[in-house]
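Number of protein chains: 2
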Amino acid sequence: MSELIEKLLTGDKRSVARAITVIENYEDETEAIIKEIHKHTGNAHVIGITGPPGAGKSTLTDKIVKNLIAKGKKVGIIAVDPTSPYSGGSILGDRIRMQDLALEPNVFIRSMGTRGYLGGLSKATHNAVKVLDASGVDYIFIETVGVGQSEVDIVKTADTVLMVMVPGLGDDIQSIKAGVMEIGDIFVVNKADLFGAPRTATEINMMLDLNQNMKRRPPVLMATAGKNEGIEELVDELEKHREYLAETGELTERRLNNTRMEVIELIESELRKIVINHTEEEGRMKKCVEDILAKNTDIYTVRDEFLKSIRG
Amino acid sequence: MSELIEKLLTGDKRSVARAITVIENYEDETEAIIKEIHKHTGNAHVIGITGPPGAGKSTLTDKIVKNLIAKGKKVGIIAVDPTSPYSGGSILGDRIRMQDLALEPNVFIRSMGTRGYLGGLSKATHNAVKVLDASGVDYIFIETVGVGQSEVDIVKTADTVLMVMVPGLGDDIQSIKAGVMEIGDIFVVNKADLFGAPRTATEINMMLDLNQNMKRRPPVLMATAGKNEGIEELVDELEKHREYLAETGELTERRLNNTRMEVIELIESELRKIVINHTEEEGRMKKCVEDILAKNTDIYTVRDEFLKSIRG
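Sequence lines, in order, name chains A and B. The first sequence begins at 877 in our numbering and counts up by one. The second sequence begins at 877 in our numbering and counts up by one.
Isolated chain A, as found in the complex (with noise of 0.2 angstroms):
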């Protein structure tokens, strides 16, 4: 395990994989290596990149991630389908086309699907975030096929949201509402070339303006990435967002709330752990549901006799 940790440390390919393997299957050796990798993790800058599907977001990664190499930067891909039956390094779909990256070597590439991840989908990612961050990447972009709830909780603990739309939406704009518009910190509108691009960056500029709590209102971009057209820009705002993240606080107050979140989720799975492992002991479990239906005693009070056992 310390070999391999050591190996990943120096951006390793392989063992940056491994280690991503071991994490999406099994638990102890999970807390060993996030244990191991956390003094070197936080210096990569996280994007969640988000929006409907046929939006371009794999074109558009392929464009940016193409950008940002060209200046020698590393960068780390998480490609999340929460539909996906399939994971560890598949191809999903239109990522086929940003398969020619994965053989520049200071990019690493990795689609997570549904299987079975230990604690959900989102935890495997954000650990897979964790390896990458410490194997000494740049960037590590997060992208998502959809925009529904899921993909929202995959890509908001991220530092920069970009959220992908197109024209031709028509009223499905509305359908991406609060919650979802909520979490954008940069928005662009691909496919900029198609008819219809301004009135979709007008309509979601009005929906940005309804909007009076926010810190910092996010920009409207236009692209049309199978072009390369609009990428400079959208990286410059990239850089943009990250700065404004540094200077005022507001990054080390995301990852603070952040690590919060994530540290009461682990409380939580350890309780219901203990929970489930004292009650079913010794048919404890069965003799109080036999009593609470022979009227012997409640719910409630088999609640709180077992909280006060668990606790004791």
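Quick caveat, the hints were computed from the structure, so don't treat them as lab data. No false leads were slipped in.
Because identical chains cannot be distinguished in the list, a pair is counted as satisfied if it fits within a single copy or across any two copies.
Mimicking BS3-like on lysine-lysine, the simulated pairs with C-alpha atoms at most 30 angstroms apart in a straight line are:
{"id": "1", "residue 1": "Lys911", "residue 2": "Lys950"}
{"id": "2", "residue 1": "Lys1032", "residue 2": "Lys1162"}
{"id": "3", "residue 1": "Lys999", "residue 2": "Lys1162"}
{"id": "4", "residue 1": "Lys1032", "residue 2": "Lys911"}
{"id": "5", "residue 1": "Lys915", "residue 2": "Lys883"}
Assemble chain B onto chain A, guided by the hints.
Relative to the frame of chain A, chain B by itself:
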């Protein structure tokens, strides 16, 4: 409170309505009510009715209930719409047709939507069932609008689950698959006068025959609720299932299992409160997450410290 419960136990409809309103809104009072009525519960036959939108569940429920009250039975109905923000006796769409039932002295009807129930709609529904049960009704119907996961969660704790199907579902019948089909104790093809009804029944029978793990093969009936056809047979099957549950010990088994789940959820819910109170006390959590970000410690070490102090 004790006066409310006294009147509730005599079957007073206004007291039943008030008790359910309390359950929807106040946590401590819910506990007091459920504890007090516990000895008077477990007598009603609880029937969950679910199926795809447009299957005619409301009309079917209406006819079954009318059949039962003609036989001198007392009936409670909880109409659940997990997608509706309305609740508390409001009229939900098609259910307006059921409103003449509300005038019957031996029928109690309540609608429940998604309006911020403490602990969720499912828990609120189950507590409302207990109140109706204690009020002395013979049957309790939980009718849902759809057949999604939240509907399944709500009806699966019923003694008998009636799955309402309709001709012309076409390939959609495939989407009402594993996990949903499994909870049905009785299947009925409603609107059986429509074209394709026998084929739908055949398809359901084929799906049921594929499942070899069933203790009991659910029957598939035909009905045309709008014309009051097939209702008597359906009521007979409900009775037969009740007898089956009693004779085989399955009723006790199901109720023991439901009670077990209920107790575990109550324990977890209390532990969650303890975690939040404990970690937020004196800014303990704030200090810890700052230490994690400063690399003085890590999430797992913090989790273990909190677990120790929560249990100690």
